[in-house]
Amino acid sequence: MDILLWGVLPYVMVAILVGGSIWRYKYDQFGWTTRSSQLYESKLLRIGSPIFHFGILAVIAGHFFGLVIPKSWTEAVGMSQDFYHFNALFVGGIAGIGTLGGIILLIIRRRTTGPVFMATTKNDKLMYVVLVAAIVFGLWTTLASVFLGDHGHNYRETVSPWFRSLFILQPDIASMAAAPFSFHLHTLVGMLLFCIWPFTRLVHAFTAPLHYLFRPYIVYRSRDVGPAPGSRARLPGWQPVGTRDRDRK
Amino acid sequence: MKVMAQVGMVMNLDKCIGCHTCSVTCKQAWTNRAGTEYVWFNNVETRPGQGYPRRYEDQEKWRGGWELNRRGRLKLKGGGRLKKLFGIFASPVQPELDDYYEPWTYDYETLTDAPLGDDFPVARPKSLITGKDMKVEWSANWDDNLGGTSELGHLDPIVEKIRKESEDKIKFEFEQTFMFYLPRICEHCLNPSCMASCPSGAIYKREEDGIVLVDQDRCRGWRQCITGCPYKKMYFNHKTGKAEKCTFCYPRIEVGIPTVCSETCVGRLRYIGIFLYDADRVTEAASIEDEKELYQAQLDLMLDPDDPEVIAGARAEGIPEDWMDAARRSPVYKMAKVYKVALPLHPEYRTMPMVWYVPPLSPVVDLLSEQGHDAEDAGNLFGAIESLRIPVEYLAELFTAGDTEIVTGVLRKLAAMRSFMRGISLGNDPDDSIPEAVGMEPEAMYEMYRLMAIAKYNERYVIPKAHVEQAHNLEEMGCSLDFDDGPGMYPSDPFGEASGKPTPVAVENFYALKQRQTTDGQTEPGELRGRVNLLNWDGRGVPRGLFPKTEDNPQMSPDSPAHGGGAAGPGPDYGGPSSQAGPSGNPLESQPPREP
Chain H
482 MDILLWGVLP YVMVAILVGG SIWRYKYDQF GWTTRSSQLY ESKLLRIGSP IFHFGILAVI
542 AGHFFGLVIP KSWTEAVGMS QDFYHFNALF VGGIAGIGTL GGIILLIIRR RTTGPVFMAT
602 TKNDKLMYVV LVAAIVFGLW TTLASVFLGD HGHNYRETVS PWFRSLFILQ PDIASMAAAP
662 FSFHLHTLVG MLLFCIWPFT RLVHAFTAPL HYLFRPYIVY RSRDVGPAPG SRARLPGWQP
722 VGTRDRDRK
Chain W
261 MKVMAQVGMV MNLDKCIGCH TCSVTCKQAW TNRAGTEYVW FNNVETRPGQ GYPRRYEDQE
321 KWRGGWELNR RGRLKLKGGG RLKKLFGIFA SPVQPELDDY YEPWTYDYET LTDAPLGDDF
381 PVARPKSLIT GKDMKVEWSA NWDDNLGGTS ELGHLDPIVE KIRKESEDKI KFEFEQTFMF
441 YLPRICEHCL NPSCMASCPS GAIYKREEDG IVLVDQDRCR GWRQCITGCP YKKMYFNHKT
501 GKAEKCTFCY PRIEVGIPTV CSETCVGRLR YIGIFLYDAD RVTEAASIED EKELYQAQLD
561 LMLDPDDPEV IAGARAEGIP EDWMDAARRS PVYKMAKVYK VALPLHPEYR TMPMVWYVPP
621 LSPVVDLLSE QGHDAEDAGN LFGAIESLRI PVEYLAELFT AGDTEIVTGV LRKLAAMRSF
681 MRGISLGNDP DDSIPEAVGM EPEAMYEMYR LMAIAKYNER YVIPKAHVEQ AHNLEEMGCS
741 LDFDDGPGMY PSDPFGEASG KPTPVAVENF YALKQRQTTD GQTEPGELRG RVNLLNWDGR
801 GVPRGLFPKT EDNPQMSPDS PAHGGGAAGP GPDYGGPSSQ AGPSGNPLES QPPREP
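Chains as they are written, first to last, in our numbering: chain H, 482 to 730; chain W, 261 to 856.
Only chain H is shown next, with the shape it has when bound in the complex:
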């Protein structure tokens, strides 16, 4: 069981994530968008969205710090375990709570604003469940280590070595198996999230427009090469106007 979960599943997840993203990038450029709902509602979004997004960026940075950088390195630069742990809990806790608060606000907005809710697909709903679960379980591991005394579990001796070992294709299954249940749960839900990632609106993160900082302001381009109209199926974006009259049907 451990082999399946911590030795096989991670690679399956990577295959789906990479393969799915490449497939989507190739075949669904048109669907690759943030699908912003700011046009419908802006007040709550302007509070919730930045909190969530900046929070999750901090969380990602924290994961990098905790998982990729070995304990020995931080100790080599004179960072004590206590100091590291305090930082991880304090900064990580704030980021995690911000992220959770942000997404809760966004979900409340999504549910209570009519047009936004109507623009919410089943795909979105599934994505929200998995995303919130990943955040909640992650926050749980952090908080547990505060309240369960003795700095809780030191994941830098179990989860982190396993994570790094995945990259050299020799998964250190025993270390991961030794981690407590809350970490297992968070990791599994996280892997599930990455599995559905390429097929949800989350893909917009992969095209974060960092090249904007470097590109020239004015873009010239020659005429596009494309097939003739009529020789291809009706493109998305040309659906007829109408209302879904919910009262009637």
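It cannot be assumed that every hint is accurate.
35 angstroms max Cα-Cα, derived DSBU-like pairs, lysine-lysine [as the list claims (entries may be wrong)]: (1) W:K335 / H:K524; (2) W:K262 / W:K597; (3) H:K603 / W:K335; (4) H:K603 / H:K552; (5) W:K335 / W:K552; (6) W:K392 / H:K507; (7) H:K524 / W:K343; (8) H:K606 / W:K552; (9) W:K321 / W:K552; (10) W:K395 / H:K603; (11) W:K392 / W:K499.
Distance windows between CB atoms, simulated [stated by the list, open to error]: (12) W:G578 / H:Q720: 37 to 43 angstroms; (13) W:E703 / H:G512: 55 to 61 angstroms; (14) H:G595 / W:R800: 23 to 29 angstroms.
Which chain W residues stay away from chain H? Per the calculated CB distances, all over 12 angstroms, these [stated by the list, open to error]: (15) K465; (16) D469; (17) Q556; (18) R589; (19) G662; (20) G699; (21) Y717; (22) R800.
Keep in mind that the hints were calculated from the coordinates and are not lab data.
Each residue gets a CB set at the ideal place from its N, CA and C atoms; glycine is no exception.
Starting from the known structure of chain H, fit chain W onto it as the hints suggest.
Then chain W, alone, in the frame of chain H:
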């Protein structure tokens, strides 16, 4: 010098009657889709008025266009690159649906479905966003013809500005003096701030004709372009999550026919042609410090297509000879640069807009004739232009960043043309002092009159086709030369009618329309003679002429006569022209006549 070609448009506002035909046909062609219900690539605003979206010209609020930073360099008014990236999670300055309007339809079905009752059934307005009942409170032209202007006119940002500068005394005068229409499309700017704002780099300017387009596959819906465009001519499709904009009907332009808005313009006020401009100096021109000099700077960018140096530069850049020829005949170049009667809309946004406007003289003319003066006398008109401060100031805020002298100059030219040509058509000798008074030669004034008043179709639209050697790149593929004789001339393809390349819809419609417009009879005799008029057809039987001719069946009937037809004997005469086309071909018809 880097010579580039740009398709440009001029609108002669004096001729606009505010009929919204351009808006409606544009909407039918481009934005009659889910997600773009509230979008009007072309809209017509009554000025003074708030415009669409409301108060879009208030750049202190919407942060569109460019401004100069402390070092005198161009900077997006909405903020630099880093600021834009940090604001990307919730665009800080973004029009909401209410700033445009909530689109709606009517519940027409109740009109027919409602049970019998004492009250007339009504078709309630239903929101196209929520599908629920709604109260219609605003639209893209709610303040049309100054509707509600006495209450809301002060919300027009330009009125606000003029009032601030000349205090309240204009208030009374203002509402009484004037009104005109301003049709707006995307400006296809030389220095577009939407493009500069796009984090993904999805918006681009086409090298060949300067049309600004959004790559729908590369747009990721960050919505910064909507903030960036000071004209608010970037729209967010809320169904697809992508930005969309006016395309200058590029599939039509590529085959040499005008945009839908121009083609259908009732007042024939739109002109389309080519500008040649120096792409290397655009940024420099847009960075001029004094806003009032931006118009001149933009004019200086436009290159003279007869200048040997420009011709050599254009050849070096690979601009084809027929494009050069079109540039020499370009009506927009003539009106903007030669006669200097067309002005850019809001040059102070520093985007170098390429849709130009001839400011309307009609507010002046109307006032003069209302007061009983001769509104075509040069002296009267010149005097009135000088004294009607408010309309001139308003126009100057729109077209010259507030420089009234330029606007006055243009209006004087229009007035001079009016009175000069009036003299000629009354049979008097041409009064050369009138053109002289505005610094024009009489011949030039006559030429200008031909272009602006006679405005022949082929003088209004000088659109070089996209090149045949580039045909494989065109949206509407196929050799454009194939269609010179209209859709009736296509050879049949080897695998039957539907095989081969599809005929571009734009081309087909264009020639069908042309055929209808230029034919002598009311209907095309060769086409419709002998056909059944469906309005008179009672739905029974298949009379001869019900279906059009096909190759297999030149008799204009689906079946051969042997199928029934004459064999049924003298059929019932059910009146109407269909029976004249021949006896019925349907055995079911052999029943007794209905009437004695």
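Of all the hints numbered above, which does this structure not satisfy? Sort the numbers upward. As far as the earlier hints go, 3, 4, 6, 8, 14, 15 and 16 are violated by this structure, in ascending order.
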